[in-house]
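*Asks:* Spelled out, the chains give:
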Amino acid sequence: MKRTVIPMGPQHPVLPEPLVLDLILEDEKVVDAVPTIGYIHRGLEMMVERVEYTEMGFVVERICGICSFMHGMGYCVSLETMMNIEVPERARWLRLIWAEISRIQSHLLWLGLGADAFGFENLFMHCWRMREEVLDIFEKTTGGRIIHSVNRIGGVKRDVSDTELAAILVRLQDLGQAFKATAEVFGSDPSIAHRLGGVGVLSAEGALAAAAVGPMARASGIATDTRLNGANLYDQIEFQPVVENAGDCLARVVVRLREIDQSIDIVRQAIDKMPKGEGQPLEIKPRGNPQGEVFTRLEQPRGEVLYYVKANGTKYLERFRARTPTFANIPAMIQLVKGCDLADVPNIILTIDPCISCTER
Amino acid sequence: MANPFNLPMVRRSLRNLVSRPATRRYPTEIRPRFAGARGTLEFDVETCNYCMLCARRCPAAAITVNREARTWAIEQLTCIACGVCVDVCAKKSLTMLVTSRAVHTHAEVGPQGQRPGHEEWHSADPAVAAATAATTKAAEGAAG
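Respectively, the protein sequence lines represent chains A and B.
Once you know that position 48 of the first sequence is 67 in the working numbering, the rest is easy, because the numbers rise by one and skip nothing.
Once you know that position 40 of the second sequence is 80 in the working numbering, the rest is easy, because the numbers rise by one and skip nothing.
Bear in mind the hints are in silico, worked out from the structure with no lab data behind them.
Please note: incorrect hints may appear among the correct ones.
Stated by the list, open to error - Straight-line C-alpha distance at most 25 angstroms; calculated PhoX-like pairs for lysine-lysine:
(1) A:K176 to A:K48
(2) A:K21 to A:K304
(3) B:K131 to A:K176
(4) A:K48 to A:K159
(5) A:K176 to B:K132
(6) B:K132 to A:K304
(7) A:K176 to A:K304
(8) A:K304 to A:K48
(9) A:K199 to B:K132
(10) A:K159 to B:K132
(11) A:K159 to A:K295
(12) A:K159 to A:K176
(13) A:K292 to A:K176
(14) A:K48 to A:K21
(15) A:K304 to A:K334
Hey, can you work out the whole structure from these sequences and the hints?
*Replies:* Encoded structure:
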């Protein structure tokens, strides 16, 4: 049969960011897809060579506007590991709380974008309305809605009072209750089930072979979650990774829906367990220059992120690299796109939650 | 297969028809920024001792300080409002406004016809001003 090549992206109505896929079609079926990245490469990693390590955190958190907190945290944790800095406990708990709130924010954003991609604009508005409330929490506690700039090497910049933490928890729990109605739409609306159910099925073996991470792998029945390694105080939190077994686009939506509830519960546990009282130390200033190399893993909303930092004893780092979850999920996405209908391609791309600015940095 | 008559979104939409709108009537109704939000950097020329710590620590290299000429300048369009300079300032000359203040973005709008976003302060001390003027004159004389 005659083959047609359809270039999809870098500008495409469904894509929030410039991913490029050359789709090779036979009639309406996709037989192959060739991804290209590099349209918004900004060379942020190269900046370590001329930005001092204490200031590089501000650059790192600008890798991405959605997981900016986790990027800043990952960089700071890497440097703290390298320089053997014991971060004050309250600061570590605050980081965990902010990280989980940013997961809620990211999932709400994605659910909205996903709804928009399958043509459910009304639902998109509902999700983003809730996301606004989460962003308000960020503005109140960190001073910024998107770029938080609270992570410093050795701790965090700002404290959140115990009363405010309690208020945040109440607000998040109310949000979780209100979100149930929206989650019900995702879970039971027949048009969504028709559009996403059984589309782009990734088997557990396929997910393992393509090394999928995060919600992508968990929707295929693989209980992988970097938080399970217990780092960054997650060993004191009781939680089980959210796993769905269907592996289709709908399962990937449901995993994210359930993770919002899970994150609210983690915030509750963290507020319970963190040391109470204001005026506690939050930051230990790093002394001297870092030396050595270190890997750090974190569970971002999209999956496992990996940071590599190499330092040579000067105030400029030698190498900084981030392997982001979208990059890890692209091979799985290509697997899914092969054999599907052209009309399903946007949904499949969206359900990996692509963040191209993270991927290309 | 999902039940085709189960339409939760219809219920939500009907409820939304009679509920209050989620948005505000911007620009007549503006939500105030929260206390502690980071907006625009403000500089107080009276208290600054030109120690240059802010300029050294600025991650975006937006601040330039000239200790001899007693001038302090910022590129507001380069500033990323991280607040590091406010933290390090020993004289508390720098404050972070909660709201974002408009900065001029066209050269002709700037008070001294300077480049977009550039704001500059000179020491108000008359002795310093006279010394700066004399240095400038001498430099001009040497060049001429």
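*Asks:* If a hint holds in the structure, say so; if it does not, say that too.
*Replies:* Evaluated hints:
1. At roughly 53 angstroms between alpha-carbon atoms, A:K176 and A:K48 are farther apart than 25 angstroms, so this suggested pair is violated.
2. For the proposed pair A:K21 and A:K304, the alpha carbon gap of about 65 angstroms is over 25 angstroms, so the pair is violated.
3. Distance hint between B:K131 and A:K176 is fulfilled; the C-alpha atoms sit about 20 angstroms from each other, no more than 25 angstroms.
4. Restraint check for A:K48 and A:K159: the C-alpha separation of about 49 angstroms exceeds 25 angstroms, so the hint is violated.
5. With a C-alpha separation of about 17 angstroms, the suggested pairing of A:K176 with B:K132 holds against the 25 angstroms cut-off.
6. This hinted pair checks out: B:K132 and A:K304 have alpha carbons roughly 20 angstroms apart, not beyond 25 angstroms.
7. Note on A:K176 and A:K304: the hinted pairing holds, with a Cα-Cα distance of about 11 angstroms set against a maximum of 25 angstroms.
8. The suggested pairing of A:K304 with A:K48 is violated, with an alpha-carbon distance near 58 angstroms, which exceeds 25 angstroms.
9. The straight-line distance between the Cα atoms of A:K199 and B:K132 is roughly 48 angstroms, outside the 25 angstroms bound, and the hint therefore fails.
10. Distance restraint check for A:K159 and B:K132: the Cα-Cα separation of roughly 23 angstroms lies within the 25 angstroms cut-off, and the hinted pair is therefore satisfied.
11. Between the alpha carbons of A:K159 and A:K295 the distance comes to roughly 19 angstroms, so the proposed pair stays at or under 25 angstroms and holds.
12. For the hint linking A:K159 to A:K176, the alpha-carbon distance of about 14 angstroms falls within 25 angstroms, and the restraint holds.
13. Between the alpha carbons of A:K292 and A:K176 the distance comes to roughly 21 angstroms, so the proposed pair stays at or under 25 angstroms and holds.
14. A distance of roughly 12 angstroms separates the Cα atoms of A:K48 and A:K21; the hinted pair therefore holds under the 25 angstroms criterion.
15. For the suggested pair A:K304 and A:K334, the alpha carbons sit about 14 angstroms apart, so the restraint of at most 25 angstroms is met.
In this structure, the hints that do not hold are numbers 1, 2, 4, 8 and 9, in rising order.
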